[in-house]
Amino acid sequence: MTLKIIPAGEPITVSNINLAIYGPPGTGKTTLANSAERAINLDFDRGAYRAGLRVDTVAVTSWNDVVGFTAQDLAAYKTIVVDTAGRALDRLSEDIIAENPKAGRGGALSLQGFGTLKVRFAAFLKLLNSLGKDVVLVAHMDEQRNGDDIIERLDVQGGSKGEIYKSVDAMGRIFVTPTLQRVIDFSPRANSFGKNPAGFEIIPIPHPDDNNHFLADLIKDIKAKLNDMSAEQVEAQKVNEDWITALADFSTVEDFNRNLADIRKASRSVQSKFAKRAKELGFTYDKQHKVYVMVEVVHA
Amino acid sequence: MLKVSVSNLECFRIWRQDDDLDMGWLMDRLLGLVEQTPQQRAGEALHKALELAPVGQVDQLHGLGYRFWFDCDCQVAYSPLREVALAKEYGDLRVTGRADSVIGSTIVDYKTGIHYDPDRLLSSYQWRLYMNALPEAIRFEWRYFVLRPTDDPREYHVSEHHQLSQCWYPDLHKDCRELARQYYEFARDIPALKRMAVL
Numbered sequence: 002m003t004l005k006i007i008p009a010g011e012p013i014t015v016s017n018i019n020l021a022i023y024g025p026p027g028t029g030k031t032t033l034a035n036s037a038e039r040a041i042n043l044d045f046d047r048g049a050y051r052a053g054l055r056v057d058t059v060a061v062t063s064w065n066d067v068v069g070f071t072a073q074d075l076a077a078y079k080t081i082v083v084d085t086a087g088r089a090l091d092r093l094s095e096d097i098i099a100e101n102p103k104a105g106r107g108g109a110l111s112l113q114g115f116g117t118l119k120v121r122f123a124a125f126l127k128l129l130n131s132l133g134k135d136v137v138l139v140a141h142m143d144e145q146r147n148g149d150d151i152i153e154r155l156d157v158q159g160g161s162k163g164e165i166y167k168s169v170d171a172m173g174r175i176f177v178t179p180t181l182q183r184v185i186d187f188s189p190r191a192n193s194f195g196k197n198p199a200g201f202e203i204i205p206i207p208h209p210d211d212n213n214h215f216l217a218d219l220i221k222d223i224k225a226k227l228n229d230m231s232a233e234q235v236e237a238q239k240v241n242e243d244w245i246t247a248l249a250d251f252s253t254v255e256d257f258n259r260n261l262a263d264i265r266k267a268s269r270s271v272q273s274k275f276a277k278r279a280k281e282l283g284f285t286y287d288k289q290h291k292v293y294v295m296v297e298v299v300h301a
Numbered sequence: 019m020l021k022v023s024v025s026n027l028e029c030f031r032i033w034r035q036d037d038d039l040d041m042g043w044l045m046d047r048l049l050g051l052v053e054q055t056p057q058q059r060a061g062e063a064l065h066k067a068l069e070l071a072p073v074g075q076v077d078q079l080h081g082l083g084y085r086f087w088f089d090c091d092c093q094v095a096y097s098p099l100r101e102v103a104l105a106k107e108y109g110d111l112r113v114t115g116r117a118d119s120v121i122g123s124t125i126v127d128y129k130t131g132i133h134y135d136p137d138r139l140l141s142s143y144q145w146r147l148y149m150n151a152l153p154e155a156i157r158f159e160w161r162y163f164v165l166r167p168t169d170d171p172r173e174y175h176v177s178e179h180h181q182l183s184q185c186w187y188p189d190l191h192k193d194c195r196e197l198a199r200q201y202y203e204f205a206r207d208i209p210a211l212k213r214m215a216v217l
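Here the protein sequences come in this chain order: A and B. Under our numbering, the first sequence has 114 at position 113, and the numbering climbs by one with no breaks. Under our numbering, the second sequence has 45 at position 27, and the numbering climbs by one with no breaks.
Looking at chain A on its own, in the form it has when it is part of the complex (with noise of 0.2 Å):
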């Protein structure tokens, strides 16, 4: 067991995600989805009938009708539709302990049970993207009361919430506004979760009839500025880099002053450590006349 301490890497190219969205029931969470690209649904909720947009569906009993899934089986389909990932992960766990009895106790999962279910719930949505499919999520929400506030969050059992935070890109929440319109809200708030890498305001969510295409094209751009941080964040950290080892030589005033104009250009942690720098050397900025200056020692 090793800590490895790597370079900064390459761009790397998104081609699949994993999305999660949850909110209250009868918001059409399983509509939203199945409008993902050629969506298949595995109904681990049996609740896939109610919805208002109708795609390919696996009646989920047991763990066992997904776990062997093929390239083949799933090559006419770009997008997994997990509904509901808190049942599936139960179904997870009914197989966990079907195979090992010392997982459950009183059929709950053990501490050993649960870190079988985050191993093996991972290892199932890598095989998916492998696979290259998106990965939708869907989650009923639990509402958790603390004092006078209400905290909306995703309904899924204990641990393996945390396997869900980690491997999803973006997570939306959907509700319904008083003027009765179905929105999706990405952003995280101050009551609920969410994760919103394409910086979207709260959207409005088209009728199926209008829009069955709605989570494919949020998908899509999704991906496209998740790819577009990837290239900045290697730029970024080119560019950070360079300042970096250019400033270990910096050494006079001169240094720092012959530098001003760039560093404002520069990113503000690395102004944090050209001022650093500057103070470490034991330079000053002289605010009127805007440049560094030598602090003068006066001896007694």
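Honestly, the hints are just simulated from the structure, not real lab data. Any given hint could turn out to be false.
[As the list claims (entries may be wrong)] What follows is a list of derived Cβ distance ranges for each label pair:
| no. | chain 1 | residue 1 | chain 2 | residue 2 | range |
| --- | --- | --- | --- | --- | --- |
| 1 | A | Thr3 | B | Asp40 | 38 to 48 Å |
| 2 | B | Glu69 | A | Thr180 | 18 to 28 Å |
| 3 | B | Asp77 | A | Pro102 | 47 to 57 Å |
| 4 | B | Leu49 | A | Pro102 | 26 to 36 Å |
| 5 | B | Ala103 | A | Ile13 | 43 to 53 Å |
| 6 | B | Phe204 | A | Ala262 | 53 to 63 Å |
| 7 | A | Thr178 | B | His133 | 30 to 40 Å |
| 8 | A | Asn192 | B | Glu178 | 44 to 54 Å |
| 9 | A | Asp287 | B | His133 | 45 to 55 Å |
[Said to hold, decoys possible] Stretch-level coverage of chain B by chain A, calculated; a stretch enters the list once three of its residues show a Cβ under 8 Å from a Cβ in chain A:
| no. | segment |
| --- | --- |
| 10 | 19 to 28 |
| 11 | 54 to 63 |
| 12 | 200 to 206 |
[As the list claims (entries may be wrong)] Interface residues of chain A toward chain B, partial, derived using beta-carbon atoms under 10 Å:
| no. | residue |
| --- | --- |
| 13 | Ile13 |
| 14 | Thr14 |
| 15 | Lys103 |
| 16 | Tyr166 |
| 17 | Met230 |
| 18 | Ala237 |
| 19 | Val240 |
| 20 | Ile245 |
| 21 | Val271 |
We put the beta carbon where it would ideally sit given N, CA and C, even for glycine.
Fit chain B to the known structure of chain A by using the hints.
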């Protein structure tokens, strides 16, 4: 101008939300009167060890006289930008912090503890305040190390490593500004906070 650290502003937010926390709990934290627990001291040592770690592969790290054994596999990216001081002014309140590492446009925050609770990390305002103080940041990443003590008080096992991330979102500044406003309204009339915080 009043001044507050990101950590203390987060304590203020927790205190406001939790009816069971009294004023003494908050003031002890804001005035720096709470002693570090052994776990927190170990956490600080692991931060230092990670700050000094070069590119490579190790099964143990040393920092501030502590030794950490890695019982799990984990991978972290090296960045020369470590311990980056951050500051942001919200009206008459200056909020300060220190990012463990900045990799391109990602802020990386190392956390340690005995129990990984992603809900708590995601609900916090620490990541929001850091991102808002660093205009180039578009992503925030937590690296959470679960520490297990040994018989030797200066030796710990890293038993789990968790990775979690968040992103910039359109109301980020508004949310941070609102928390800062609430704190300023609270702190401006408390002499002990005014005394220690005026720049």
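Q) Between Ala103(B) and Ile13(A), does the C-beta distance stay in 43 to 53 Å? A) Given range 43 to 53 Å: violated, Cβ gap about 29 Å.
Q) So the hint says 45 to 55 Å: do the beta-carbon atoms of Asp287(A) and His133(B) match that? A) holds, 50 Å
**Q.** Restraint outcome when Lys103(A) is required to lie within 10 Å of chain B by C-beta distance
**A.** Violated - the Cβ of Lys103(A) stays beyond 10 Å from chain B, reaching only about 21 Å at its closest.
Q. Given Val240(A) was flagged as interface, is its beta-carbon under 10 Å from a beta-carbon of chain B?
A. holds, 8 Å
Q. Do at least three Cβ atoms from the segment 200 to 206 of chain B come closer than 8 Å to Cβ atoms of chain A?
A. n = 0 at 8 Å, threshold three: violated.
Q: May I ask you to test the interface hint for Ala237(A) with respect to chain B, counting a Cβ-Cβ separation under 10 Å as satisfied?
A: holds, 4 Å
Q. Quick one: are Leu49(B) and Pro102(A) within 26 to 36 Å, going by C-beta?
A. violated, 54 Å
Q | Residue hint Ile13(A), partner chain B, criterion CB-CB below 10 Å | A | violated, 12 Å
Q. Given Val271(A) was flagged as interface, is its beta-carbon under 10 Å from a beta-carbon of chain B?
A. Holds. Min distance 7 Å.
Q) Holds or violated: Tyr166(A) as interface residue toward chain B, Cβ cutoff 10 Å? A) holds, 5 Å
(Q) Checking hints one by one. Is Met230(A) an interface residue toward chain B, by the C-beta closer than 10 Å rule? (A) holds, 6 Å
Q | Supplied distance hint 38 to 48 Å, evaluated on CB atoms of Thr3(A) and Asp40(B) | A | At roughly 45 Å between Cβ atoms, Asp40(B) and Thr3(A) fall inside 38 to 48 Å, so the hint holds.
The structure fails to meet hints 2, 3, 4, 5, 6, 8, 10, 11, 12, 13, 14 and 15 from the earlier list, while all remaining hints are met.
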